[in-house]
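Quick note, the sequences are listed as chains H and Z, same order. The first sequence begins at 8 in my numbering and counts up one residue at a time. The second sequence begins at 4 in my numbering and counts up one residue at a time.
Worth double-checking, as some hints may not be accurate.
Each computed DSS-like pair below joins lysine-lysine, with the alpha-carbon atoms no more than 30 Å apart [as the list claims (entries may be wrong)]:
(1) K51/H with K71/Z
(2) K71/Z with K100/Z
(3) K59/Z with K51/H
(4) K16/H with K100/Z
(5) K100/Z with K45/Z
(6) K51/H with K16/H
(7) K59/Z with K74/Z
(8) K74/Z with K100/Z
(9) K21/H with K51/H
(10) K64/H with K100/Z
(11) K64/H with K74/Z
(12) K45/Z with K64/H
(13) K45/Z with K59/Z
(14) K21/H with K64/H
(15) K45/Z with K16/H
(16) K59/Z with K71/Z
(17) K51/H with K100/Z
(18) K45/Z with K21/H
(19) K51/H with K45/Z
(20) K59/Z with K100/Z
(21) K74/Z with K51/H
(22) K64/H with K51/H
(23) K16/H with K64/H
Please keep in mind that the hints were generated in silico from the structure rather than gathered at the bench.
What follows is the residue order along each chain.
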Amino acid sequence: NAGVTQTPKFRILKIGQSMTLQCAQDMNHNYMYWYRQDPGMGLKLIYYSVGAGITDKGEVPNGYNVSRSTTEDFPLRLELAAPSQTSVYFCASSYSKRAFYSNQPQHFGDGTRLSIL
Amino acid sequence: GESVGLHLPTLSVQEGDNSIINCAYSNSASDYFIWYKQESGKGPQFIIDIRSNMDKRQGQRVTVLLNKTVKHLSLQIAATQPGDSAVYFCAENNDYKLSFGAGTTVTVRA
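Generate the whole structure from the sequences, applying the supplied hints.
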């Protein structure tokens with residue numbers, strides 16, 4: 008059982024370039040999330056999705072876009088990379104919106120380390 | 004500012020001793036809390052969770068205590084081992100969102 012898989016693991020971009028960070032989960036989870044983690048900090052929510060075809064903004068959505076065409080996949084797109092987007096990006100999934108009810112917390116991938124120069 | 008934070012950024016513990024990691028939260032409406040462990044180069048790994056209708060919950064070598072009166076959460080690790088060296092985050096679950104503190108780095112001394 009692979010859980011949450013993120014690709015690529017590392018990437019270096021030039022300012023203004025675009026790229027898509029891939030995230031896939033094989034647990035049939037309804038909910039998926041994208042976070043960014045800056046050095047020495049906790050995670051901040053970028054976007055989330057409660058199911059295929061439904062996405063919504065988190066705390067720090069500016070400069071990013073997402074789509075959710077299938078239950079399994081939740082890609083994150085950077086259209087015009089900026090140095091402020093240098094970070095580690097984590098994708099997570101959970102069974103229900105309120106992990107509380109199903110007693111299933113969010114499960115995380117191992118991250119994509121992105122540097123923008 | 005962040006609604007969840009940890010009191011100390013670092014904690015050094017002798018192998019075999021017990022560790023206590025603290026966390027304060029500000030949203031009194033929060034009803035579910037999670038502790039995560041993050042090792043270098045990895046994503047956060049679930050350790051234990053607790054609902055607001057509980058004061059204490061125990062797992063394997065770990066115990067989480069919740070004090071809603073002072074909005075304080077703690078994680079106790081018994082008989083700390085070298086493999087426990089990591090960054091520990093508490094997270095507060097409100098609706099769709101997990102709010103994380105900055106984390107406590109635990110270093111285990113041999």
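How the hints compare with the structure:
Between the alpha carbons of K51/H and K71/Z the distance comes to roughly 24 Å, so the proposed pair stays at or under 30 Å and holds. With a CA separation close to 20 Å, the supplied pair K71/Z and K100/Z stays within the 30 Å bound. Taking the CA atoms of K59/Z and K51/H, the gap is about 27 Å. The hint holds against a cut of 30 Å. Our distance criterion of 30 Å between C-alpha atoms is met by K16/H and K100/Z, whose separation comes to about 25 Å.
Under the criterion of a C-alpha separation no larger than 30 Å, the hint pairing K100/Z with K45/Z is consistent with the structure, at around 21 Å. For a cut-off of 30 Å, the pair hint linking K51/H to K16/H stands: about 19 Å separates their Cα positions. A C-alpha spacing of about 14 Å is found between K59/Z and K74/Z, which places the hinted pair at or below 30 Å, so the restraint holds. About 18 Å separates the Cα atoms of K74/Z and K100/Z, which keeps this hinted pair within 30 Å; it holds.
Only pairs whose Cα atoms come within 30 Å are accepted, and K21/H paired with K51/H is accepted, the gap being roughly 23 Å. A hinted pair counts as satisfied when its Cα atoms are at most 30 Å apart, and K64/H with K100/Z qualifies at roughly 11 Å. For the hint linking K64/H to K74/Z, the alpha-carbon distance of about 28 Å falls within 30 Å, and the restraint holds. Distance check on the hinted pair: K45/Z and K64/H sit about 25 Å apart at the alpha-carbon level, within 30 Å; holds.
For the hint pairing K45/Z with K59/Z, the CA-to-CA distance comes to about 28 Å; that is within 30 Å, so the pair holds. Restraint check for K21/H and K64/H: satisfied, since their Cα atoms lie roughly 25 Å apart, inside the 30 Å limit. Restraint check for K45/Z and K16/H: satisfied, since their Cα atoms lie roughly 11 Å apart, inside the 30 Å limit. Restraint check for K59/Z and K71/Z: satisfied, since their Cα atoms lie roughly 11 Å apart, inside the 30 Å limit.
The suggested pairing of K51/H with K100/Z holds, with an alpha-carbon distance near 9 Å, which does not exceed 30 Å. Taken as a hint, the K45/Z and K21/H pair is honoured in the structure, with Cα atoms around 25 Å apart against an allowance of 30 Å. Straight-line distance between C-alpha atoms of K51/H and K45/Z comes to about 16 Å, which keeps the hinted pair within the 30 Å bound. About 23 Å separates the Cα atoms of K59/Z and K100/Z, which keeps this hinted pair within 30 Å; it holds.
With a C-alpha separation of about 21 Å, the suggested pair K74/Z and K51/H falls inside the 30 Å cut-off, and the hint holds. The straight-line distance between the Cα atoms of K64/H and K51/H is roughly 12 Å, inside the 30 Å bound, and the hint therefore holds. Restraint check for K16/H and K64/H: satisfied, since their Cα atoms lie roughly 24 Å apart, inside the 30 Å limit.
Hint violations for this structure: none, all hints satisfied.
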